[in-house]
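Participant: Residues in the sequence shown are numbered from 1 upward in steps of one, following the UniProt record's numbering.
One thing to keep in mind: the hints can contain errors.
[What the hints assert, rightly or not] Using C-beta positions, here's what the derived DEER-type ranges look like: (1) 203 / 169: 28 to 36 Å; (2) 211 / 3: 37 to 45 Å; (3) 55 / 155: 45 to 53 Å; (4) 171 / 203: 26 to 34 Å.
Keep in mind that the hints were calculated from the coordinates and are not lab data. Every residue gets a Cβ at the ideal spot worked out from N, C-alpha and C, and that includes glycine.
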Amino acid sequence: MPVFSLLALVAYSVSLALIIPGLLRKNSAWRRLAILSAVIALVCHAVALEGRLFPDDSSGQNLSLLNVGSLVSLMICTVMTIVASKNRGWLLLPIVYAFALINLAFATFVPNEYITHLETTPGMMVHIGLSLFSYATLIIAALYALQLAWIDYLLKNKKLVFSADMPPLMGIERKMFHITQVGVVLLTLTLCTGLFYLHNMFSMENIDKAVLSIVAWFVYIILLWGHYHEGWRGRRVVWFNVAGAALLTLAYFGSRVIQQLAG
Numbered sequence: 001m002p003v004f005s006l007l008a009l010v011a012y013s014v015s016l017a018l019i020i021p022g023l024l025r026k027n028s029a030w031r032r033l034a035i036l037s038a039v040i041a042l043v044c045h046a047v048a049l050e051g052r053l054f055p056d057d058s059s060g061q062n063l064s065l066l067n068v069g070s071l072v073s074l075m076i077c078t079v080m081t082i083v084a085s086k087n088r089g090w091l092l093l094p095i096v097y098a099f100a101l102i103n104l105a106f107a108t109f110v111p112n113e114y115i116t117h118l119e120t121t122p123g124m125m126v127h128i129g130l131s132l133f134s135y136a137t138l139i140i141a142a143l144y145a146l147q148l149a150w151i152d153y154l155l156k157n158k159k160l161v162f163s164a165d166m167p168p169l170m171g172i173e174r175k176m177f178h179i180t181q182v183g184v185v186l187l188t189l190t191l192c193t194g195l196f197y198l199h200n201m202f203s204m205e206n207i208d209k210a211v212l213s214i215v216a217w218f219v220y221i222i223l224l225w226g227h228y229h230e231g232w233r234g235r236r237v238v239w240f241n242v243a244g245a246a247l248l249t250l251a252y253f254g255s256r257v258i259q260q261l262a263g
């Protein structure tokens, strides 16, 4: 579906071009147009990705590295667009839309194929679905953590210009931990289904994914324990959140990158 991919790329670009003046000028008309353009981009992105994940010329699903990355970015953009439609989270939109645009461009123009047959293994389908949702959720939590660190830095250096668009630190931190809790529950289910359905979870080809995912789970558990039992706040929780997201990124994509480079 190259036509829909191109339409999505154009719509993402238009939305990005509208978001910046919408933030600087606090113009609601710019913002409405940005959201409308983003919705068009998301619809076209979904249609294009459906054609790539389920190719007509072969049975099975094309779960290549670039396609999975594009799917994750679509999920993140959908959630953040819904948040932005309620006049929140606008500071994160340029990051997530640019991320989606780059992912979709690579998935569209760079040849990539990794055919699987999930219809023969429903348990694997559940496991992959949970892993995608958990990863997308925890990446959103990491974005909130970075936003928290940025605003905290501006406050400490007296560079922050207060406006209605600037969310309070406590509100950002609270949302970050709520999202992290949801992500940890999903990650726990992902690991449990992996143990149950993946008989080769700790084989040589999967050991790096399993170990990194488990280490990331422990990082998040320590983060939540430290916050709710020891009162951790500030930079420490930001570092733990970003470290967990980085470990999951290595677990989900690192080995695939190495395999494709080696191949």
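Participant: Determine which of the earlier numbered hints do not hold for this structure and return their numbers in increasing order.
Facilitator: Of the numbered hints given earlier, those the structure breaks are 1, 4, listed in rising order.
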